[in-house]
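Colleague: Listed here are the chains, written in short residue letters.
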Amino acid sequence: MPQSLLIISRQAPWAGPSAREALDIALAGGAFDLPLAMLFLDDGVFQLLPEQQPTAVQQKDLTANLQALPMFGVEALYVAERSLQERGLQTHPMNLPVQMLDDSALTALIDRYDQVITL
Amino acid sequence: MNHLTVHDQTVALDKDGYLLNLADWSETVAESLAQREGIELSAEHWEILQLARGFYDEFQLSPANRPLIKYVASQLGPDKGNSLHLNRLFNGAPAKLAAKLAGLPKPTNCL
Amino acid sequence: MATLHVLSHSPFTDSRLSSCLRLLGPDDGLLLCGDATYALQPGSAQCLALELMPATISLFALDEDLAARALKTPTRVQVVDYPGFVELSCRFAKVNSWL
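Protein chains in written order, with the working numbering: chain A, 1 to 119; chain B, 1 to 111; chain C, 1 to 99.
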């Protein structure tokens, strides 16, 4: 049984490579059938907003790539409720079917996975 | 530099034979690319190539094997969305070859 | 499945420490290295937050990073060297580096 992996993505999408790197790990792991989950935390929740236009800053569309996660077998997708609240986004539409978790559910989530990567 | 000549059109390829400019793709180009791989494109090939291009349009990336199978299954049903069928059509390397013939970048999450 | 959380960024310029503190499990450990050791600056809110963590949570800091920054350690901090860092990484079920 391969080790399960939780990827915590906590950076905004366009300012640096972290969000892209977290997604690449998830897509590669999914392509190889690893049991993995992705959690959007802190500024990482900004990746989930619809209708972003990255071509305006000469970037590839990370938000389109994110939509492929379920196709790559990554269906355990979570977002931190508090991170949404802090940014006024708790009722905002999201571009992925993410499950919202409070702090204690997040602690339990991290506990459940064999390995954790935070980017 | 790798080139492919199709009628009077010269198409630039990368070292692995993928199109350098995705806009160069046409059905004629696909047929020439397939010929280099020893494949004659049938209707069964074409429907997969169309789906691979649809996948790229939707997600802005080339599908690896598993997502390609899943995507084909979701659109055409499990009779076509399975590794046996796709391996048979694309010489055992469906993601790489379907991306190449569909004019997409080489999939990054494949061995 | 206790986790060792490793922080290396200054808590005064980003939110890693505060997010980590909210997600800590009762048996988890926290290791401060690099600029994250500034969290031990006496009189800061960050230092107070660390002192107020439940006693079951172990707090570690890397010796050479403390020395380089002339930081004194509160009594609950266990100072470790690099071999100690390695030993901790093996002692916990997993390591979560907040990169």
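I should point out that these hints are in silico values taken from the structure, not numbers from a laboratory. Where hints are given, some of them may not hold.
[Stated by the list, open to error] Non-contacting residues of chain B with respect to chain A, defined by C-beta distances greater than 12 Å in every case (computed):
id, residue
1, H3
2, A23
3, E27
4, T28
5, R53
6, Y56
7, D57
8, E58
9, L61
10, N65
11, I69
12, S74
13, G77
[Stated by the list, open to error] Derived lysine-lysine pairs resembling DSS-like cross-links, with alpha carbons at most 30 Å apart:
id, chain 1, residue 1, chain 2, residue 2
14, A, K60, B, K70
15, B, K106, B, K70
16, B, K106, A, K60
17, B, K80, B, K106
18, B, K80, B, K70
19, B, K15, B, K106
20, A, K60, B, K15
21, C, K72, C, K94
[To be verified] What follows is a list of derived Cβ distance ranges for each label pair:
id, chain 1, residue 1, chain 2, residue 2, range
22, A, E86, B, N91, 28 to 38 Å
23, C, S18, A, E21, 46 to 56 Å
24, C, E64, A, R87, 32 to 42 Å
25, C, T56, A, P50, 50 to 60 Å
26, B, L22, C, V79, 49 to 59 Å
27, C, E64, A, Q53, 44 to 54 Å
28, B, L22, C, K72, 55 to 65 Å
29, B, G77, C, A93, 16 to 26 Å
Predicted model, so just to flag it, every value in this text is computed and none were measured. The beta carbon of each residue, even a glycine, is placed where N, CA and C say it ideally should be.
Colleague: Per the hint of 55 to 65 Å, is the separation of the Cβ atoms of L22 of chain B and K72 of chain C within bounds?
Modeller: holds, 60 Å
Colleague: Over 12 Å from every CB of chain A: does D57 of chain B meet that, or does the non-interface label fail?
Modeller: Given that some Cβ of chain A is not farther than 12 Å from that of D57 of chain B, nearest at about 9 Å, it is violated.
Colleague: Verify that the Cβ of H3 of chain B lies farther than 12 Å from every Cβ atom of chain A, and report whether the claim holds or is violated.
Modeller: Correct as stated: the minimum Cβ-Cβ distance to chain A is 27 Å, above 12 Å.
Colleague: Has the given pair, K60 of chain A with K70 of chain B, been kept, meaning a C-alpha gap of at most 30 Å?
Modeller: Given pair K60 of chain A, K70 of chain B holds - Cα atoms ~24 Å apart, limit 30 Å.
Colleague: Mind verifying the non-interface call on G77 of chain B? Its CB should be farther than 12 Å from each CB in chain A.
Modeller: The claim holds: G77 of chain B sits with its nearest Cβ about 16 Å from chain A, beyond 12 Å.
Colleague: Could one say that the CB atoms of E86 of chain A and N91 of chain B fall in the range 28 to 38 Å?
Modeller: The hinted range 28 to 38 Å is violated for E86 of chain A and N91 of chain B, with Cβ atoms some 52 Å apart.
Colleague: Check the non-interface label on T28 of chain B: least C-beta distance to chain A beyond 12 Å or not.
Modeller: Check passes; 28 Å lies beyond 12 Å.
Colleague: Going by Cβ atoms, does R53 of chain B stay more than 12 Å from chain A at every point?
Modeller: At about 14 Å from chain A, R53 of chain B clears the 12 Å cut-off, so the statement holds.
Colleague: Over 12 Å to the closest beta carbon of chain A is the bar; see if S74 of chain B clears it.
Modeller: About 8 Å separates S74 of chain B from the closest Cβ of chain A, which leaves it inside 12 Å; violated.
Colleague: Regarding G77 of chain B and A93 of chain C, is the given constraint of 16 to 26 Å on their beta-carbon distance met?
Modeller: violated, 43 Å
Colleague: At the C-beta level, are E64 of chain C and R87 of chain A separated by a distance inside 32 to 42 Å?
Modeller: Holds - the Cβ-Cβ distance for E64 of chain C and R87 of chain A, about 37 Å, lies within 32 to 42 Å.
Colleague: 46 to 56 Å was suggested as the range; check whether the CB atoms of S18 of chain C and E21 of chain A agree with it.
Modeller: Between S18 of chain C and E21 of chain A, where Cβ atoms are some 23 Å apart, the hint is violated.
Figure legend: structure checked against the earlier numbered hints; hints not met, in rising order: 6, 7, 8, 9, 10, 11, 12, 22, 23, 25 and 29.
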